[in-house]
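Residue numbers (the working numbering), protein chains in the order written: chain X, 1 to 314; chain B, 315 to 692.
These are calculated hints, taken from the structure and not from any lab test.
Take the hints with a grain of salt, since some may be wrong.
[To be verified] Away from chain X, derived, C-beta distances all over 10 Å, residues of chain B: (1) R380; (2) G386; (3) Q431; (4) E514.
[What the hints assert, rightly or not] Each pair of labels, with its calculated beta carbon distance range: (5) B:D484 with X:F139: 47 to 53 Å; (6) X:L131 with B:V587: 52 to 58 Å; (7) B:S355 with X:L48: 54 to 60 Å; (8) X:R146 with B:R391: 47 to 53 Å; (9) B:S355 with X:V38: 45 to 51 Å; (10) X:R300 with B:G444: 24 to 30 Å; (11) B:A385 with X:R146: 48 to 54 Å; (12) B:R421 with X:R146: 47 to 53 Å; (13) B:S355 with X:P102: 35 to 41 Å; (14) X:P114 with B:Q399: 26 to 32 Å; (15) B:D484 with X:R300: 36 to 42 Å; (16) X:L48 with B:A481: 48 to 54 Å.
Ideal placement from N, C-alpha and C gives every residue a C-beta, glycine not left out.
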Amino acid sequence: MSETGYKPKPDNATGGLSSAGSQPAFPMRGSLFRKNLVTTLLLAPAALWLVVFLVLPFIAIAIFSVGERAPEGGYQAALTFAQYANLPARATAFWNTMVLAPIGALACLLVAYPVAYYLALRAPQRWRLILLAMIVIPFWTSLLMRTYAWMYILGGRGIPALLAYVGIEDLRLINTPGAVLLGIVYGYLPLMILPIYVSLERLDRRLLEASADLGATPLSTFLGVTLRLSLPGVMTGFSLVMILLLGEYLIPTLLGGGKVFFIGNALVDLFLQSRNWPFGSAIAITLVLVSVVVLIVANRISTRLSGARRVDLI
Amino acid sequence: MTAVPDIEFRAVTKRYGAVTAVSGIDLAIPPSAFVALLGPSGCGKTTCLRMIGGFEQPSEGQVLIRGRDMAGTPPYRRPVNMVFQQYALFPHLDVEENISYGLRQARPRLSSREISQRAGEALAMVQLAGYGRRKIHELSGGQQQRVALARALVNKPAVLLLDEPLAALDKKLRTDMQIELQNLQREIGITFVLVTHDQEEALSMSDFVCVMNGGRVVQLGQPSEIYDEPADLFVADFVGKTNLLSGKVAGLSGDLVNVALADGTVIAARKRVPLSRGEAVSVSLRPESLSLSAPGSGALKGIVRNRIFLGSTAEYAIEVQGIGSLLAKADHVIGQGNLFKPGEPVAIGFAAGAPLAFPHAKNNGTNQREDQNAEILP
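Chain X on its own, in the form it takes in the complex (with noise of 0.2 Å):
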């Protein structure tokens, strides 16, 4: 008894009696104009917003990045890919981003993985909102605050100065890249924890017991199914991350000092300071293909390891 062997349903347009549920072909043009004013009138706010606020400054800014610096700064209309060319100029700045984005997102991921894991799987039922919202209630403060609050601890009369009692001396931790790092894994923490949680709390215990029930010893099962399943969460989180660290200004700014310069601090230089908006254009667009990469990279890896046919990736 094999189920291959389905036949297919009768065909409603060779059989007279079962039209009754059935939609008819043609529906009624009033109708289908309606409805589709009301989709256009449903999408356009939205529409109209993403066209005046991202459509058409990247249209300019991609008009920018072929131009030149006017004498005076600014913009002046050309076809030429010299700012691209001279994009090696910014080496360090792409450098720091490159480096210390994945790095903060893995390190984010370091931390906030057992979190969630704790969170979902581990935590008491009644305490799990609480210690959810413990998560993101300082996400309340805006990060401005809270990095000035690092810039204090950091400093000369933060940990330092604590450190100076016991004996050790001269200990430097603001502007360094560690600090940089530091603050991109505070300022982060909950936009990896929220979405690993989410799809941890998703897994179906069963399976859980189904692996154990199969012989695979805790270790692996977490290996093989708990942390193969979260990965969808895994990538979501750290591409949330990564591409909100590839534009940080804020944190290297203030933890950084300017030693430790990223894209971000680039392109404010660029615009504000010497107003060369076509280079800054150049690096801007850059940046955005960057940005597109890592996503389409991350959506691919985690639909092929969860198995699951689409993955959102937020």
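On the provided structure of chain X, position chain B as indicated by the hints.
The following block gives chain B in isolation, referenced to the frame of chain X:
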């Protein structure tokens, strides 16, 4: 039974906080048998299965598998495998990877040739050869069911545990799977322990039925024993359809009691436990043991209220003055024209051994309600 039982419960009790899910069960499941744990939801049957699987630890007592005490042995070191409710197949693995999951956990490691060979055999066993590379979500419910079976059986467990395995299938497929499961069990020859709340499923598939209620085993026996000789009122009522007539013991004569029914009729009934004169009892009469005839003979008289014609049989709801509605089931023979019509008066008779008298219920009251919480907890 001379052989060591595959599964043995020794005074097993399981409590969740203040709630007792299973209380003091002693049970020996003979080797190579198809055993059904049958009971209403919350009777502790799933808890029992999970204690065999190792997902729950007994609060008291011992669970033994093939004579070995399993206390402290985690699920991954037990020689049993489970077919989970809704199957719990791994969505990120394809059919073959699901099936070979257990083989890949084996230590010392099996060669990849042996793994793929055994997985292939298991696929063929459940008639899914050629489906190895399919994704789980591409399979129908019945096919997923087979993958779950193959995934468990490929590890050659001592005992296969099945947790309501057919509940998610439609009726036609369920009947097919029942036969297939029976065949598989005979072919492989290992013990199958099936948990179900569906008495028909339990009766039709298993060699032994273990009826549970309120965290206790009420009766263990072959399906026909359970049906014909129920141990108590609960079993009589839960397994199959029956008519329960209340009355009082009017007299005792050897194995039989005379029961005065509510309308004054006195009928002779067999008893399973000692009864005393004047005791309130319920008499169980199976619908098929009632015979209907034209008024004049028979122990009881009634009027047909409803007729449910089922082809080979017909069921009648018969109103009996002073007693209430009785369900009767009669074979239908073509051409015999023995159908009674609604509104028609009939006489109801039954074979001498058919009525069974039980003392009024005491064990399916509060205890059971407590238990219903218990099974939801874990």
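Quick rundown of the hints versus the structure:
no., hint, result
1, R380, "holds, 17 Å"
2, G386, "holds, 14 Å"
3, Q431, "holds, 18 Å"
4, E514, "holds, 20 Å"
5, B:D484 with X:F139: 47 to 53 Å, "holds, 49 Å"
6, X:L131 with B:V587: 52 to 58 Å, "holds, 55 Å"
7, B:S355 with X:L48: 54 to 60 Å, "holds, 55 Å"
8, X:R146 with B:R391: 47 to 53 Å, "holds, 48 Å"
9, B:S355 with X:V38: 45 to 51 Å, "holds, 46 Å"
10, X:R300 with B:G444: 24 to 30 Å, "holds, 29 Å"
11, B:A385 with X:R146: 48 to 54 Å, "holds, 51 Å"
12, B:R421 with X:R146: 47 to 53 Å, "holds, 49 Å"
13, B:S355 with X:P102: 35 to 41 Å, "violated, 51 Å"
14, X:P114 with B:Q399: 26 to 32 Å, "holds, 31 Å"
15, B:D484 with X:R300: 36 to 42 Å, "holds, 38 Å"
16, X:L48 with B:A481: 48 to 54 Å, "holds, 52 Å"
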